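Read off the chains here:
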Amino acid sequence: MSSTVSLPLPLPLLEARNLGVSYAIRHAGRRVRLRALDDVSFHLDRAETLGIVGESGSGKSTLARALLRLIPADAGTVRLQPDINLLTLRGAALRSVRSRLQMIFQDGVAALDPRQRIGEALDEPLVVLKPQLTEPQRRERVRSLLELVGLEAGHLDRFPHEFSGGQAQRIGIARALMVEPEIVVCDEPLSSLDVSIKAQITALLQQLQQALQLSMIFIAHDLPAVQQLCDRVLVLYLGRVMEIAPCAALFDRPRHPYTRALLQSVPIPDPRVARGRRTAPLAGEIPSSLAPPSGCVFRTRCPYAIDRCASEVPLLRSIDGSEVACHRAEEI
Amino acid sequence: MSVPMSAPMTAEALLQIRSLSVHYPAANGRAAGAVDALSGVDLDVAAGECLGLVGESGSGKTAILLSILGLLPPNARLGGSIRFHGDELAGMPLKGLNEIRGTRIAMIFQDPMSALNPYMRIIDQLSEVPRVHGGLPRRAAEQRALEMLEAVHIGEPRRRARQYPHELSGGMRQRVMIAMALIAEPELILADEPTTALDVTVQAQILALLQEIRERTGAALLLVTHDLGIVAQLADRIGVMRHGKIVEQADCLALFEHPQHEYTRSLLAAMPRLRVSA
Numbered sequence: 001m002s003s004t005v006s007l008p009l010p011l012p013l014l015e016a017r018n019l020g021v022s023y024a025i026r027h028a029g030r031r032v033r034l035r036a037l038d039d040v041s042f043h044l045d046r047a048e049t050l051g052i053v054g055e056s057g058s059g060k061s062t063l064a065r066a067l068l069r070l071i072p073a074d075a076g077t078v079r080l081q082p083d084i085n086l087l088t089l090r091g092a093a094l095r096s097v098r099s100r101l102q103m104i105f106q107d108g109v110a111a112l113d114p115r116q117r118i119g120e121a122l123d124e125p126l127v128v129l130k131p132q133l134t135e136p137q138r139r140e141r142v143r144s145l146l147e148l149v150g151l152e153a154g155h156l157d158r159f160p161h162e163f164s165g166g167q168a169q170r171i172g173i174a175r176a177l178m179v180e181p182e183i184v185v186c187d188e189p190l191s192s193l194d195v196s197i198k199a200q201i202t203a204l205l206q207q208l209q210q211a212l213q214l215s216m217i218f219i220a221h222d223l224p225a226v227q228q229l230c231d232r233v234l235v236l237y238l239g240r241v242m243e244i245a246p247c248a249a250l251f252d253r254p255r256h257p258y259t260r261a262l263l264q265s266v267p268i269p270d271p272r273v274a275r276g277r278r279t280a281p282l283a284g285e286i287p288s289s290l291a292p293p294s295g296c297v298f299r300t301r302c303p304y305a306i307d308r309c310a311s312e313v314p315l316l317r318s319i320d321g322s323e324v325a326c327h328r329a330e331e332i
Numbered sequence: 001m002s003v004p005m006s007a008p009m010t011a012e013a014l015l016q017i018r019s020l021s022v023h024y025p026a027a028n029g030r031a032a033g034a035v036d037a038l039s040g041v042d043l044d045v046a047a048g049e050c051l052g053l054v055g056e057s058g059s060g061k062t063a064i065l066l067s068i069l070g071l072l073p074p075n076a077r078l079g080g081s082i083r084f085h086g087d088e089l090a091g092m093p094l095k096g097l098n099e100i101r102g103t104r105i106a107m108i109f110q111d112p113m114s115a116l117n118p119y120m121r122i123i124d125q126l127s128e129v130p131r132v133h134g135g136l137p138r139r140a141a142e143q144r145a146l147e148m149l150e151a152v153h154i155g156e157p158r159r160r161a162r163q164y165p166h167e168l169s170g171g172m173r174q175r176v177m178i179a180m181a182l183i184a185e186p187e188l189i190l191a192d193e194p195t196t197a198l199d200v201t202v203q204a205q206i207l208a209l210l211q212e213i214r215e216r217t218g219a220a221l222l223l224v225t226h227d228l229g230i231v232a233q234l235a236d237r238i239g240v241m242r243h244g245k246i247v248e249q250a251d252c253l254a255l256f257e258h259p260q261h262e263y264t265r266s267l268l269a270a271m272p273r274l275r276v277s278a
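Chains as they are written, first to last, in my numbering: chain X, 1 to 332; chain G, 1 to 278.
The set of hints was computed from the structure by calculation and includes no laboratory data.
As the structure is a prediction and not an experimental result, all values here were calculated from the model.
For every residue, glycine included, the Cβ atom is placed at its ideal position computed from N, Cα and C.
Misleading hints may appear alongside valid ones.
What the hints assert, rightly or not - Simulated crosslink set (DMTMM-like; lysine to aspartate or glutamate; CA at most 25 angstroms straight-line): (1) G:K245 - G:E257; (2) G:K245 - G:E193; (3) X:K130 - X:D157; (4) G:K245 - X:D194; (5) X:K130 - X:E120; (6) G:K245 - X:D270.
As the list claims (entries may be wrong) - Which chain G residues face chain X? A few, computed with CB under 7 angstroms, are given here: (7) L228; (8) G229; (9) A232; (10) A270; (11) R273.
Only chain G is shown next, with the shape it has when bound in the complex (with noise of 0.2 angstroms):
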């Protein structure tokens, strides 16, 4: 792996990504089967920042993600620098990587159904980070978990801490998923797609709650979504993202008031709006 390491860390920038690529080769070694999921992405998160980044399916928001937690497949060939406070995380040793990994950077994922454990109740998933992580005992490990349950109000936390994923609803789930990863208090939350299975009155619930914790917590947020309406609630600063690229990042506001890049333009054109008088 390629890792070039003198990209120069500007001040502030709690996660600076530069010259970002991930290259799947063909299984058969040909050129006409491999696909670049990424090419030269360049990003910054400053701390307590969100950063939207959207685009439609395949344009490679998730990949970037991935490639942050080093998530990706084995047959990815990840090249460029990703790093975080300063420590390079592309090509850092799994030892090395668990430390940052659930701790200082979390991850929220689309679908809690699958990324819960379904044979573990919700207070032995959600009281195993600080166990692991924080060398916590048992009894003040849960006592944690069910403090963060109250934090992303889950109404009946000791009731449902008992519970298993699939008695729970979509929703709730979520808002377990959210619990987890706030629980170590981590630097930076990346989201992927966090309401894209839940119902629109839920979705305005989830959303919420995520302005809330940031607010409330001060962690940067990376936000992956294919919905405007998401990114101009949520976004100080958006990267639009197409075909492995960033075709363009500004402001949240500039963004949508005057979008430079061709594809941004189209984008927000073919966005369908809610005419409301309220």
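One chain only, chain X, in its complex shape (with noise of 0.2 angstroms):
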């Protein structure tokens, strides 16, 4: 690869444009197209952390799979610095872009080999893809990991079920740094694990944003974690983008209603604040992927929607720094 000429390029690190993924499922005997992803597009910077918000079934997951071609996507393109193509790569470049981008799992324990040691765990992504680190030379880094994530020589030759899924957690992401990644894609990193548990890791992960000047993307339902780590936010909506803002921007004046009912949903560990909204939640719930609404997808559930939702799907505009699609977000 000629990634050697390190330019400081005013291009992002990633872009994706206009990206689609579908699913060919069943449904009903009959063989569908579920589109799970339509139309995304965004970037990502050097040392930036995006995150990505959105219920269930909005695509987030797809989103993370797509991004590392666990899963084929259908429509876009995917840019990575300095002109490559994720989306069409294949064999030995495919494998040469994989130690740039590096995944964390939900669950900790679900995504190790319940019969691979931990140092072997921890071994392998070195073996298969930094092919030229002699054995000291990995053993050394193996051990220098797992210091970073607060873990101890003693556990290396442990297996995952002997850990907690705090420490199982750990181990995920040194893991994925093991290959020093410029991208980690974090998938609900935190989301099975307890509140005091869930705090530790969110340190460790911004300990490390700052030490390695990590470039990554959050996925996550958990939007006090997501306020803490991330730069900018991304919300998904139906597999469809509803607003992408710098992180302050989007938590202190929420453009996009979606973006608006996320927030009032959260529960409020304050009963003062707790009590003292009383704005109604929204109503319904997300339509299923296989038939989604036309126009703008979230207009059966929006309170501000119009006719002009139903028959002109609302394109990304750009308002005070944010990015909003929605025909009415300067009205609301």
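Make one complex out of these two single chains by using the hints.
Structure representation (structure tokens):
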């Protein structure tokens, strides 16, 4: 690969344009295509963390998997610096890019091979993706990463079931970082953890962000964690982008009615605040991805929906530094 | 089973739990594998009150609910006293328990998909309660079931009533569970993480529904959750659990503003908070 010349390019590290993913599924006895992601565009800068939020079925995990080429995309491009289209790579070229993008999974224990000792699990990515390293070099790297995530050398000979959920997630983080990736995609890394462990893992991710200047895509439905870790946030609903905004702007001045509803739905651990806000919860539930509403996919639950929302798909527009896909964003 | 029968009954407590313990002996009879799921738990739930129980996984929250309903596994050793309206539930024979469970004390489970019978239409599951417990004839019981579906705000209740659980969304299934818990007009509702399996906007709907039901029916609610945000919204009083014990019990506002126990403080500190202007 010719990425030896690393001029400070103004281009983002990663840029997705009009990304689309469909699944072929059987529904009511017929073969149908389920559009899981539709026309998704965003970018990721170096040393930046982009949060992806949305409820189940919004396409968060599909997005993560498509970026890592774990599932095929059927529309759009994903350009990785300097000029690689991630979606068309094959064979050796794809393998060499894999060390640049790594993933941290939701369930730390399930993501590990139950019959593989932790030492081997951590060594494996190096053997596969960094074959130039000697065994002592690999051993040194395993040891130093173990320390970085707060585990000990004594843990190397143990099996995954011997670890708690929090420890397993630390191993998952170490494993993702083994090959010095430029981009780490985290798919709900906190959602299976208890509150005190969640706080520890969030702190660890924050520490790694700074120490390693990681570029991260952080997928979560845990909005407080997103607020703590992310520079910018992308809001997905039914496979489409509703809003992309700098973190502070998104939480202080949500522009999209869905973003607003999402923020108002998060329970606040403060009785005075929790009982003070008397906003009616959003009505209804997420429609089926097999039959998404026409026009704006959110319109069936949107308190501001008008006729135009049913006939015309709202495009992402820039408003005061936020990008919003809503016809009425200025009025509300 | 050793059940002290001397626990004094305070006038206002609907449910009074004293020195409750649950012990699981090791399979091989040695001390090493034995677990005390609960020890020395005292708590009261007054009529119409919402008591929130919070704690991390394995702290014993669910074990309390299962003890009340007599649903602990057979190898569990229950000790202490659980009085409901002064009647001792610990060690009560099945016949007596069955007159209380589902009618005077109802339960809302965490995962409605596994708590509902997948082979039964919604209307049949719901009307079973008034038919079995209330002795209502089929038509009247079904009418009652439809009223309940309306009461929990299920759209098109007649159509939904004819469907099976898998045809409903997660939020709708949880509404059905709540309807099933309410159908016999219980005095006490036990809810075990009733919104954990739901998305956040649907969670907000279900929490609003639980609040509405409390106001409308006056039923007491014993709410188990790991989310301090949920108890902040719903509970009158809160018990904080750790390692099978209640480490602190206080009024909602007092607990959040003046936590006494160190663990409560650390739990509050660890709880991520959304900073919002609105």
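Exercise for the section: Could you tell me which of the hints above the structure violates, numbers in ascending order? Expected result: none
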